[in-house]
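Q: Residue numbers (our numbering), protein chains in the order written: chain B, 1 to 311; chain V, 1001 to 1311.
I should point out that these hints are in silico values taken from the structure, not numbers from a laboratory. Treat the hints with caution; some may be incorrect.
Result set (EDC-like, lysine to aspartate or glutamate): computed pairs, CA atoms no more than 20 Å apart in a straight line [to be verified]:
(1) B:304 / V:1035
(2) V:1096 / V:1035
(3) B:304 / V:1287
(4) B:96 / V:1293
(5) B:96 / V:1287
(6) B:96 / B:66
If you're wondering where the values come from, they're calculated on a predicted model, not measured in any experiment.
Listed here are the chains, written in short residue letters.
2 protein chains.
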Amino acid sequence: MAQGPETIAIIGCGLIGESWSALFTAHGHDVAVWDPASPAAEPLLERVEGARRQVRRIEGRGTERDGRLLVARTLEEAVAAATWIQENAPESVPLKRELYGRIEGAAPPDAVIASSTSSLTWSELARDMRHPGRFVTAHPFNPPHIMPLVEIYARDAALRERAAGFYRSLGREAVVLNRDAVGHVANRLASALWREAVNIVAEGIADVATVDAALVNGPGLRWSAVGAHMAYHLGGGGEGIAHYLEHLGPSQERRWATLGSPSLTPEICAMLVEGVAAEAAGRSIAELEAARDEAITRILAARKEARHAGE
Amino acid sequence: MAQGPETIAIIGCGLIGESWSALFTAHGHDVAVWDPASPAAEPLLERVEGARRQVRRIEGRGTERDGRLLVARTLEEAVAAATWIQENAPESVPLKRELYGRIEGAAPPDAVIASSTSSLTWSELARDMRHPGRFVTAHPFNPPHIMPLVEIYARDAALRERAAGFYRSLGREAVVLNRDAVGHVANRLASALWREAVNIVAEGIADVATVDAALVNGPGLRWSAVGAHMAYHLGGGGEGIAHYLEHLGPSQERRWATLGSPSLTPEICAMLVEGVAAEAAGRSIAELEAARDEAITRILAARKEARHAGE
């Protein structure tokens, strides 16, 4: 898994770009960031240093040399010497295609171009590239310096493996898809669940805070330890998923038929906004985010200890 | 929240009944169990004692007096002095209705009758009862001595609150539904997610182990800390769910339209069984369950510490 340091360009430096910058530099890679909004260098460096402290806490790192972090004045300057380019622009196909044209014109010919896109596909993004063989979608879960998941797809199998190796070298859990799909895997799953979460509120079965509490103390908690497929392999009295499918498959299909297909009408949106406000109970978004990050950081440590205890 | 000890009858003592027995007795309640399969008392008591050790570890308890655990020869004997009856029979409406008839004939008139049903509704189960005002569905997440969630519904609002108070006194996170629904809240969410998890495998986007890894390191991990609704309130750059719905609601609706509606055909079932076998990589169900319980036990402790750190 050991790889030499990359020279990285971060194209688009909002929340995701800042978080990537912290992760990459904490692992010794030099980073040049560029954002069309020209973020002021000092507050940016402070935010990245804050995130890097979280990386060090999660990984127990601290002795290695951090990579350098530079704010470039132009995209061309950022990518000129890059070996790895991580693009985090807004989710617009024309905008990203235009950026890839500029990147291909200014970057070394063998630099990898990785997109953090959450909802666009490799095929639509790569369409106009001169060298699509070096293009990979590498979707992190927000914030990428805390959440382990990176979802990878490239048409070229060797690039898929190279990208998986690179993100794993950063302590990420990289997964490789067999083909590209809107929302990759994780956001497809999240969308499917949230559709029913909205439906439960819309149908008056339970309010927003109740739905969230049920998830966090039930299936969400379980899925932080085992996946959905594996969960049906377990918990059935030791008989496994084949037995589950044979005996309870039909009842799952009947339950699927009762799930809802809500629309985000103004009335339903108002219920969601009010419900989240009730659940937040006066806590600001910054406070809630800090509590979430604190919980996830400790849960990551707990999972690591559980794995070691089982070895 | 302090309540006096209940005298509890466990009707149906498979995995769920054993787990409830451990939780109830660990909290000082006397329990009489009855199961038509007449489980041999000694192995049952051993399994319950094993589960009770896990309860003590999670809750840091150990000094209080454990409740007594008796194996009754008949249902009538089990419920004769009960104040709380927890029914965990197979998911069959006629079977459960018949049991409720026998329970109503033999139990004290003010005993609460609680059903652990995962997929049947209060309305269909209560239909033939003489006193449905004392009937409540109280669905735990398996195994209930480890997983905090209990989902509660009764037509009578006072009983809903009484039941919530009782399960909270056992360290559970009880949530109260506004009306009954197939699968309550948690299994509706789990079914919605699993439908798409099956679809992703069926469409060849990713294999079983990849789907599970994406869930465990992405949305599952996140949902062990914050719910699905709250997750959309956060992570959008501090602008909250109203902003999210306005700007990204339409793209969620477009993604919903791309989700699949698979059937559990023999071909798809075979892909799931093979995929889970590959993911298990030779580990037995018992080993996988032990690893899951170890992870969840440590994650519960981590969440508790995170909450204390934030106070």
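Q: Decide if the proposed pair is consistent with the structure: residue 304 of chain B and residue 1035 of chain V, CA atoms, cutoff 20 Å inclusive.
A: The hint is violated at about 39 Å.
Q: Do the alpha carbons of residue 96 of chain B and residue 66 of chain B lie within 20 Å of each other, as the hint requires?
A: It is violated: about 30 Å lies between the C-alpha atoms, which goes past 20 Å.
Q: Quick one, are residue 96 of chain B and residue 1287 of chain V close enough, alpha carbons at most 20 Å?
A: It is violated: about 47 Å lies between the C-alpha atoms, which goes past 20 Å.
Q: Do the alpha carbons of residue 304 of chain B and residue 1287 of chain V lie within 20 Å of each other, as the hint requires?
A: OK: residue 304 of chain B and residue 1287 of chain V at ~17 Å, within 20 Å.
Q: Is the straight-line distance between the alpha-carbon of residue 96 of chain B and that of residue 1293 of chain V 20 Å or less?
A: With a Cα-Cα distance of about 44 Å, the restraint between residue 96 of chain B and residue 1293 of chain V is violated, given a limit of 20 Å.
Q: Quick one, are residue 1096 of chain V and residue 1035 of chain V close enough, alpha carbons at most 20 Å?
A: Given that 20 Å is the threshold and the Cα spacing comes to 13 Å, the pair holds.
Going down the numbered hints, you'll see the structure goes against 1, 4, 5, 6, while the others check out.
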